[in-house]
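Position chains B, C and D against the provided structure of chain A, taking the given hints into account.
What follows is each chain in one-letter form.
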Amino acid sequence: MFSRIMIANRGEIALRIIRACREMGIETVAICSKADKNAMYLKQADITVCVGPSEADGSYLNIPSIISAAEITDIEAIHPGYGFLSEVSHFAEVCESSKIVFIGPRSEVLKKLGNKTEARKIAMACKVPVVPGSESVIKSQQQALDVAHKIGYPVIIKASSGGGGRGMRVAHNDISLVNSLAVAQREAESAFKDPSIYIEKYIEDTRHVEVQIFGDNYGNIIHLGERDCTLQRKHQKLIEESPSPSISDRLREEICKAAIKIAKAVNYTNAGTVEFLVSKAGDFYFIEVNTRLQVEHPVTEMVTGIDLVKQQIRIACGERLNIKQKRVRPRGVAIECRINAEDPNNGFRPQPGKITLYNPPGGRGVRVDSHVHAGYEVPPYYDSMISKLIVYQKTREEAIACMKRALNEYVIEGIKTTIPLNLELIAHSQFASGNINTNFVENLLSKSQRS
Amino acid sequence: MFSRIMIANRGEIALRIIRACREMGIETVAICSKADKNAMYLKQADITVCVGPSEADGSYLNIPSIISAAEITDIEAIHPGYGFLSEVSHFAEVCESSKIVFIGPRSEVLKKLGNKTEARKIAMACKVPVVPGSESVIKSQQQALDVAHKIGYPVIIKASSGGGGRGMRVAHNDISLVNSLAVAQREAESAFKDPSIYIEKYIEDTRHVEVQIFGDNYGNIIHLGERDCTLQRKHQKLIEESPSPSISDRLREEICKAAIKIAKAVNYTNAGTVEFLVSKAGDFYFIEVNTRLQVEHPVTEMVTGIDLVKQQIRIACGERLNIKQKRVRPRGVAIECRINAEDPNNGFRPQPGKITLYNPPGGRGVRVDSHVHAGYEVPPYYDSMISKLIVYQKTREEAIACMKRALNEYVIEGIKTTIPLNLELIAHSQFASGNINTNFVENLLSKSQRS
Amino acid sequence: MSVIDKVKQLISIMNENELSEIEIQEDVTKIRIKKTEVGYTHTVASSVAVPSIYPPPLNHKHPIPVLSKDSENITEIISPMVGTFYRANAPGADPCVNVGDSVNEETVVCIIEAMKIMNEVKAELVGEIVDIYVNDGEAIEYGQPLFRVRPSTK
Amino acid sequence: MSVIDKVKQLISIMNENELSEIEIQEDVTKIRIKKTEVGYTHTVASSVAVPSIYPPPLNHKHPIPVLSKDSENITEIISPMVGTFYRANAPGADPCVNVGDSVNEETVVCIIEAMKIMNEVKAELVGEIVDIYVNDGEAIEYGQPLFRVRPSTK
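Chains as they are written, first to last, in UniProt numbering: chain A, 1 to 451; chain B, 1 to 451; chain C, 1 to 154; chain D, 1 to 154.
FYI, nobody ran anything at the bench for these hints, they're computed from the structure.
All C-beta atoms, glycine included, are put in the ideal place defined by N, C-alpha and C.
It is possible that some hints are incorrect.
[Said to hold, decoys possible] Residues from chain A that face chain D, not an exhaustive set, calculated with beta carbons under 7 Å:
1. Leu61
2. Pro64
3. Ser68
4. Ala69
Same shape as in the complex, but just chain A (with noise of 0.2 Å):
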């Protein structure tokens, strides 16, 4: 086994890598910025690491700085946790080139699937049902429209490059789309450096399912079950949870069958995640495939009593997958809250600043994992989620009303945050009901304005 890792993250996934590895006996190095510096979960890590200024451009996502850190605290492997580099094909490149173990699928399948449309080309290779629309980036106005025309509207366009939401955008016709066609390039090019985007059907009435996938260095390749990530606002996940309350269990099986597919086309080492859309009709078409741990994974974690990131970890050691997928069987209703720094009645303005007051909840069947506490001074650099609030029960009603009464508990004071609206859609008769879609919060949030 390693005997020291090093983190290249921070905030709650760091911590959350820094406490596997602490049950392990790993020892931890944490890179850090200037903004975090003094921040309190550090103290958990063996050894802390300042690799710049705050702007994570400079710091979390400045490769020399990184490996730079790495050489001198003599580490044998990086974890990059989600968002940062944890995608980006050149970072693994680098710590393949020097020697240093990158947690994550090799560098080749990063590429590969880092590119949606070459992703989606796998998909079709492997007749796993794709989303209709554009099989290559865009290049021109012209193509666009054609596209639009041959699939028929509403289109979405997306970022090739894209992620999280961004750079995305619903044409209802042809006006809309060359309206949009701009912007979203425009999205593109900043958020990821790269302007090219592809077109493709939007598909109204959607649940987001995503399948939990596990691959070793040995060609061994499971699926831990699905998450069903629906409740979105923007494209950004709120509440998650496994298993999905909408999906038989033949089209369960269909899509994790999808998933395994996919991942066997690239012969797919260490945890990543296959995502689709979920038609009202029972339909299910392949978006893309997250090559990183994902924010949401303690619901997995929650029902099927796997920990990834140990898992995650052994496998990049090169150790064998240890789990046979007829071993696999879920168990229970894990549902996970997203708490961001941000105040929902404000257009989720973020809420930088320091928290006066934090008393998270306890007891039965409750997990959060954060790396806040009283005291904690909310940089305003990074992403607003400052917690993640997880419950499991036997059932789904138990997990709602546990995940009621936790979020009800939950004291954060000094800044506003996405506890009040959790609360609301959690006990939305609709959430309950299972019968929801990924516009569900959106609505909901336009319908309580025009009240």
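Just chains B, C and D now, kept in the frame of chain A:
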């Protein structure tokens, strides 16, 4: 189901029960003393009623006041928690006559099993092995000496109404027996208002193993496996775990069967715990039945997946046990550390006072049951336990690693706690090996004092 | 504001507006108050000279309410027990005391029903009743202020 | 004390006592430091005029250490990158600067090795070196103070 329940207790267990009620949609009435009046956990209750002064005698033990509070708040049932009135048969009687459901066994069962000599007789009648000793209360010095000579030294003197280690004395010869008799009686009188004592053979090098039992009002009785509470200091449990790391499957089965026999003999209802001593040779001896929820119930909850408090409430409400014995299949390993406001370096002196900084651990496999927080003032009037830290993992090795990690994360400042002691114990190689007895902690402490 | 305080305010509102039932739900708090048809309907087991099973009432100085102007030398009679507060010792009878009444140590100022027993509460001090905080038939908890008293300077 | 500070102190002790390896474990912190056989063994890819891939060093005012008496007008050269600090630009060569040396904007004060590349760090100010915080061969992080400088008043 009940629509409103009173919780006749305080601190972490009051919050534990409130949480279960909230998840079940049951309103809660919390009682409190003057000292607890502003405690934050009370905010989780729907109604709070101050029932008396800070001293427990006038509040948490004040039956007329509690019943009066029950009447003005119109509750249907009372959960007594553990300690205080939980095993007082008179309280259960008053509830019964006031048409309030006492969430626990019937008063006659509390009375029968509450008397240790009576409980012993029941066990013997069931052919469950008991520690050799006086068949009844010791009435004279001569009788004590006769018993001691018959069963052989060392012997242990115990209070008939005792519990929690109070009123216990070990004697190795006639002189120490005669000297200890009076002391033990005085202790028993002051602690339980009952000076009666009995004598047992003192079995050295033993483990403490107890079985969780559950009965409904229709004669169905099951067990939920065992807990190992060998790690004690002065008969006070410090660390508990399930399953027991030191008994064979055959012995486990025998002990659980013996527990069921005793429970059936008294037609036991609701939750209870049958305690046993297990000798190095693998012989086991009945000690007593705790006719209530135990402090350490969470470890059973983790390995069985059953919420014991919800189950208690359902049973008390007249529901049938919906769990078949053969369906109870404990999985994984759970360990609990009790965090007390005591100074382990200073004779375990209680540490009332203000908690200035409080950061509980989180993440996968960690459960914290606690009512305290930064700014909480530990009152000097009650038990010193301020938190229970529970971990759950697949294997014992992983559970120990997780507990170490979580204890290291746990920050409580302002008062001294037993966190450092827990860390020392959990990291001890002898604990890891499972090769300990009930004197392990005291031997360790006296060794470290000498060195 | 504690739930008990809210209940008190709601009862005041009910009394002022002659309501018989009120129910509110805010966030996670749900309060439902319903009045019985007649004043009080319980059977009075024994309305006089019931030996109290509780200690005598305490004279406990509470923080003076914010609205109070005459902060000099004001004290309170607080409840020695949990129960139901009655101003008179029998249904329909005159209140034990009214605002303006002078009381001494032995004056019974109210009755608290606890476990079907009527407990007489004595003033335990000499002075004048200046305010009555609690309405007839209200539930009260231990330590709750009942009367405001201006003690006499002997 | 941060782990980095501890490591620094340990390296000082190692240097003073000519140790080649030190390992300590305190509570949950474990530090192991081992020196390579020779001074430094890496291959110096290019010892002069390597174009830096990093921004120029910052003149960042740090809180003056507590022990300092001459608090007037003292500034520090802080590290612009993570890496290994070397006082000379080649093994065995003289240090770039010593205490008491005058420096100007262009003076190379040290070399920081990052990703096998030797980066020259310039003073970026005019003044006199009054203290060197870091020992030769030490690991340094971004923003770490390297030199204490008394700026010249032009």
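Hint check:
Evaluation of the Leu61 of chain A hint against chain D yields a violated restraint, the C-beta minimum of about 13 Å exceeding 7 Å. Residue-level restraint check for Pro64 of chain A holds (minimum Cβ-Cβ distance to chain D is 5 Å; threshold 7 Å). With its C-beta approaching chain D no nearer than about 4 Å, Ser68 of chain A sits inside the 7 Å limit, and its interface hint holds. The beta carbon of Ala69 of chain A comes within 4 Å of a beta carbon in chain D, closer than 7 Å, and the hint placing it at the interface holds.
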